[in-house]
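*Asks:* Here are the chains, one letter per residue:
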Amino acid sequence: DQQVKQNSPSLSVQEGRISILNCDYTNSMFDYFLWYKKYPAEGPTFLISISSIKDKNEDGRFTVFLNKSAKHLSLHIVPSQPGDSAVYFCAARPAIKAAGNKLTFGGGTRVLVKP
Amino acid sequence: GAVVSQHPSWVICKSGTSVKIECRSLDFQATTMFWYRQFPKQSLMLMATSNEGSKATYEQGVEKDKFLINHASLTLSTLTVTSAHPEDSSFYICSARGASGSAGPADTQYFGPGTRLTVL
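Going line by line, the protein sequences match chains U and R. Counting from 1, one number per residue, gives the positions in the first sequence under the working numbering. Counting from 1001, one number per residue, gives the positions in the second sequence under the working numbering.
It is worth saying that the hints were derived from the structure and are not from the lab. Keep in mind that this is a model prediction, so the values were computed, not measured. Every residue, glycine too, gets a C-beta built ideally from N, C-alpha and C. Any given hint could be a false lead.
[What the hints assert, rightly or not] In silico DSS-like cross-links for lysine-lysine, where the CA-CA straight-line distance does not exceed 25 Å: (1) U:Lys-114 to R:Lys-1055; (2) R:Lys-1014 to R:Lys-1055; (3) R:Lys-1014 to U:Lys-68; (4) R:Lys-1064 to U:Lys-114; (5) R:Lys-1020 to U:Lys-102; (6) U:Lys-68 to U:Lys-102; (7) U:Lys-54 to U:Lys-114; (8) U:Lys-5 to R:Lys-1041; (9) U:Lys-102 to R:Lys-1014; (10) U:Lys-102 to R:Lys-1064.
[Stated by the list, open to error] Partner residues are not named here, just some residues of chain R that face chain U (Cβ under 10 Å, in silico): (11) Cys-1013; (12) Gly-1016; (13) Gln-1042; (14) Leu-1046; (15) Phe-1067; (16) His-1085.
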């Protein structure tokens, strides 16, 4: 049972336009969400995170939106750049005192930004 | 920012041998480290959680006698794949979580670059 799902395995976008990546979760115990970017044969790089007490967090070109009632979050990248081409993973974890702070990852979305 | 290193970055070994992979947090103390493996075009699968000074907690289906984890200090955890077989060939990634107030946002895991293991 996948608790974190990224339903779009791939996304292609033109340079300069917005990239929108979506993520859905089923576990209502999740209260902290993260996005990671991963290049082939490298470890994931932390991008941005959001706590369940917020509905938006922005860091430069990256903005994460959280809709708790829908159990949905999204990552917006504006403007998209060719260097953003990578696989993006959504991850979630429950409250600190539970489950040892384990992260549950989605399946990833491969983003291709075309020049 | 928080930097995590892994060594080696890649290793090729014969079936039946053991391989040790090191994971180090370079600029912060990691009270908890995690070991993942990733098969091609798949997501990261958590294998075990390693806490400094105590036994690792393994995920369901992961053999603790085959994947030995040692977290002897606040900056180093090791994963030893014992009696490796071709099906153990994978990309192994570690991550480290600092104590509250250490490098980076609290509760964020920082990942190493990964180790590609190929068992012949």
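*Asks:* Compare the structure with each hint and give your call.
*Replies:* Consistency of the hints with the structure:
1. Of the pairs offered as hints, the one joining Lys-114 (chain U) and Lys-1055 (chain R) is violated, with about 47 Å between alpha carbons and a cut-off of 25 Å exceeded.
2. The suggested pairing of Lys-1014 (chain R) with Lys-1055 (chain R) is violated, with an alpha-carbon distance near 28 Å, which exceeds 25 Å.
3. For the hint linking Lys-1014 (chain R) to Lys-68 (chain U), the alpha-carbon distance of about 49 Å lies beyond 25 Å, and the restraint is violated.
4. Among the hinted pairs, Lys-1064 (chain R) with Lys-114 (chain U) is inconsistent with the structure: their alpha-carbon atoms are about 44 Å apart, more than 25 Å.
5. For the hint linking Lys-1020 (chain R) to Lys-102 (chain U), the alpha-carbon distance of about 23 Å falls within 25 Å, and the restraint holds.
6. Of the pairs offered as hints, the one joining Lys-68 (chain U) and Lys-102 (chain U) holds, with about 20 Å between alpha carbons and a cut-off of 25 Å not exceeded.
7. Taking the CA atoms of Lys-54 (chain U) and Lys-114 (chain U), the gap is near 32 Å; set against the 25 Å cutoff, the hint is violated.
8. With a CA separation close to 15 Å, the supplied pair Lys-5 (chain U) and Lys-1041 (chain R) stays within the 25 Å bound.
9. Distance restraint check for Lys-102 (chain U) and Lys-1014 (chain R): the Cα-Cα separation of roughly 32 Å exceeds the 25 Å cut-off, and the hinted pair is therefore not satisfied.
10. For the suggested pair Lys-102 (chain U) and Lys-1064 (chain R), the alpha carbons sit about 18 Å apart, so the restraint of at most 25 Å is met.
11. At about 18 Å, the closest approach between the beta carbon of Cys-1013 (chain R) and any beta carbon in chain U exceeds 10 Å, and the interface hint on this residue is violated.
12. Hint status for Gly-1016 (chain R): violated, given a least beta-carbon distance of 26 Å to chain U, over 10 Å.
13. Given the 10 Å rule on beta carbons, the hint for Gln-1042 (chain R) holds: about 7 Å separates it from the nearest Cβ of chain U.
14. Against a cut-off of 10 Å between C-beta atoms, the interface hint on Leu-1046 (chain R) holds, since the closest Cβ of chain U lies about 6 Å away.
15. Interface restraint check: Phe-1067 (chain R) against chain U, minimum CB-CB distance 16 Å, threshold 10 Å, status violated.
16. Evaluation of the His-1085 (chain R) hint against chain U yields a violated restraint, the C-beta minimum of about 22 Å exceeding 10 Å.
Going through the hint list in order, the structure does not satisfy hints 1, 2, 3, 4, 7, 9, 11, 12, 15, 16.
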